[in-house]
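Undergrad: These are the residues of each chain, in order.
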Amino acid sequence: MSLYDPESILSSIAAAFPEITAATLITNTGSSAQHSLLLDKKHAVAVAVFLRDDINLRLDYCSNVTGVDSLKAGYLEVVYHLYSIEKKSTKPVVLRLRTDGREGDTVQVPSLVPVWRSCELQEREIYDLFGVVFTGHPDLRRLLMWDAFEDYPMRKDYTSPEEK
Amino acid sequence: MGKNFLAENLPETTVCSPAEVRPFYDDFHGDLMEISMGPHHPSTHGVFRMDVTLDGEIVVKLKPVFGYLHRNHEKIAEGNSYFAAIPYTDRLDYLCSLTNNWAYVHAVEKLAGITVPERAEYLRIILGELGRLINHVCLVGFLLNDLGTSFTPLLYSLRERERMLDLVEELTGSRMMCNFFRFGGLRTDISADWLARLKGYLEGLFARYLDEQDALLTGNEILLARTQGVGVLSPELAVRAGITGPMLRASGVNYDIRKVDRYSIYERFNFGIPIGAHGDTYDRYMMRMLEMRESVKIILQAIRTVPAGEHINPNAKNRGLRPKAGESYARIEGPKGELGFYLISDGSAKPYRFRIRPPSLINLTVLEEICIGQTLADTVVILGGVDIVLGEVDR
Chain A
1 MSLYDPESIL SSIAAAFPEI TAATLITNTG SSAQHSLLLD KKHAVAVAVF
51 LRDDINLRLD YCSNVTGVDS LKAGYLEVVY HLYSIEKKST KPVVLRLRTD
101 GREGDTVQVP SLVPVWRSCE LQEREIYDLF GVVFTGHPDL RRLLMWDAFE
151 DYPMRKDYTS PEEK
Chain B
1 MGKNFLAENL PETTVCSPAE VRPFYDDFHG DLMEISMGPH HPSTHGVFRM
51 DVTLDGEIVV KLKPVFGYLH RNHEKIAEGN SYFAAIPYTD RLDYLCSLTN
101 NWAYVHAVEK LAGITVPERA EYLRIILGEL GRLINHVCLV GFLLNDLGTS
151 FTPLLYSLRE RERMLDLVEE LTGSRMMCNF FRFGGLRTDI SADWLARLKG
201 YLEGLFARYL DEQDALLTGN EILLARTQGV GVLSPELAVR AGITGPMLRA
251 SGVNYDIRKV DRYSIYERFN FGIPIGAHGD TYDRYMMRML EMRESVKIIL
301 QAIRTVPAGE HINPNAKNRG LRPKAGESYA RIEGPKGELG FYLISDGSAK
351 PYRFRIRPPS LINLTVLEEI CIGQTLADTV VILGGVDIVL GEVDR
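The listed protein sequences derive, respectively, from chains A and B.
The opening residue of the first sequence carries number 1 in the working numbering; numbering runs sequentially from there.
The opening residue of the second sequence carries number 1 in the working numbering; numbering runs sequentially from there.
There may be inaccurate statements among the hints.
Chain B residues, not near chain A, derived (Cβ > 12 Å throughout) [to be verified]: (1) Gly38; (2) Gly56; (3) Arg304; (4) Pro307.
These stretches of chain A come out as covered by chain B in the derived footprint (C-beta under 8 Å, 3 or more residues) [stated by the list, open to error]: (5) 19-30; (6) 55-63; (7) 71-85; (8) 146-158.
The hints are simulated quantities; they were obtained by calculation from the structure and are not laboratory data.
Glycine included, every Cβ here is placed at the ideal spot set by N, Cα and C.
Just need the whole structure built from these sequences, with the hints factored in.
TA: Here's what the structure looks like:
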């Protein structure tokens, strides 16, 4: 088992945070078998700092941040793909954060910009297109749509003004 | 003007105490000027805007403004089949559609577990590196044009791009919107004659262009003065901010996905990765010049060793592809940096989530940091060195 397999990362997180369940494994049934770790929102920043600074893992590079709308399950997800530039890891380590719901105060997740600066524009894009509010983001504004725009076009239940 | 302004005629209350007297230029010095550069500015390489705050001629604040070319590519792709998204990827970074095609089919192949025949891998590498050459030729030309070298280097570069686009057009039927990659291989086979002509061109005219460009410009005093020490990016910040591609390597970080991931069959080729030392615009320019020579090496090795065989996996389904439920993230070393696609399948014929990791956008994360303290004219050069295409930034 390689160091960057989700199972071994899960066990190193469990070793670093023994008293809490900070992450759970989500299996991917597809051909790529890229499994992911669902982080607990309360401890997400601490776990991210651990993953970045741990001398064995050194996941210093957050490559990709994606918003996903799980309409049927009733929440939004933010997916982070991490690599280590220092250790030259080849497989992505996939982290997930889930909002409690899709409306109002429930669409909050902690921002990981303080840990990986590369999330800055990508989290802004997710805020813009999905309406996920990143608490602790230094500059949370719309990125691609104009400021007066009100809806979130990447959500699965979005209808454009022409269709209404 | 009948009034007498002599001091003895002024009322007493206007006399200031010495502590309040300040030199008149203090306020003047503190005035900042805000300039909106773009979206219709030729040096922004498209419709990109920068809100620049200047102190005299020095940049003190810079806020990039995006979205002028946004057409929500991801949403369009989520409403279409997997196959129908290939031509849309041409329109991301429209200077090198070949590598965009490659990144997307690479992700779908990973998602659906499709294998690629040996010959197709060789041909993909030839086309991918040709795409890199086309991109870098443009970059070098436009960067020098941004410096004010009024057209000569740009025309030399575009002349070479035309020659390569002629070859691409003959092969794919289109100069820029190639739409040539398919799941499991390529749309058509490539003839030995075409490969021989590509080889002849790279060894002849293109090699001469590189030497000419180096002799004319690489050591040029004005180019050195305008680019060395301009827009310096430290390796620590580059890694933290997710900078990839030639810009990351110019800062001295040895990270090339062709070497790290060894996707496709890159491990069979002998090529070097140029690494910069200073992280300034000159190093970014040099990365492109040196990378072009390495790409030529790769293409010539591939043409020499390309085996006979299938150009596409005959069992790979393109139309009506329904990958089983799951997700995949796949990335390649695009000419501008890490180009990745993240796909989630719910088992239907359309991707549930289709995400592009755009290197051009993420490389702009540090634009403010590397522009602060430089002059306004330098921001144009720095932006030219970052290498953005707005089709990919805004998607």
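Undergrad: Does each hint fit the structure? Answer for all of them.
TA: Evaluated hints:
1. The Cβ of Gly38/B lies farther than 12 Å from every Cβ of chain A, with a closest approach of about 16 Å, so its non-interface assignment holds.
2. Distance check for Gly56/B against chain A: the nearest CB is about 26 Å away, which clears 12 Å, and the non-interface claim stands.
3. Distance check for Arg304/B against chain A: the nearest CB is about 28 Å away, which clears 12 Å, and the non-interface claim stands.
4. Under the 12 Å C-beta cut-off, the non-interface status given to Pro307/B relative to chain A holds; the minimum distance is some 26 Å.
5. Note: the stretch 19-30 of chain A has 3 residues with beta-carbon separation from chain B under 8 Å; the three-residue rule is met and the coverage holds.
6. With 4 residues having a Cβ less than 8 Å from any Cβ of chain B, the stretch 55-63 of chain A passes the three-residue criterion, so the hint holds.
7. Under a criterion of three residues with beta carbons nearer than 8 Å to beta carbons of chain B, the stated coverage of the stretch 71-85 of chain A is upheld, 3 such residues being counted.
8. With a threshold of 8 Å between beta carbons, the proposed coverage of the stretch 146-158 of chain A by chain B holds, since 3 of its residues qualify and at least three are required.
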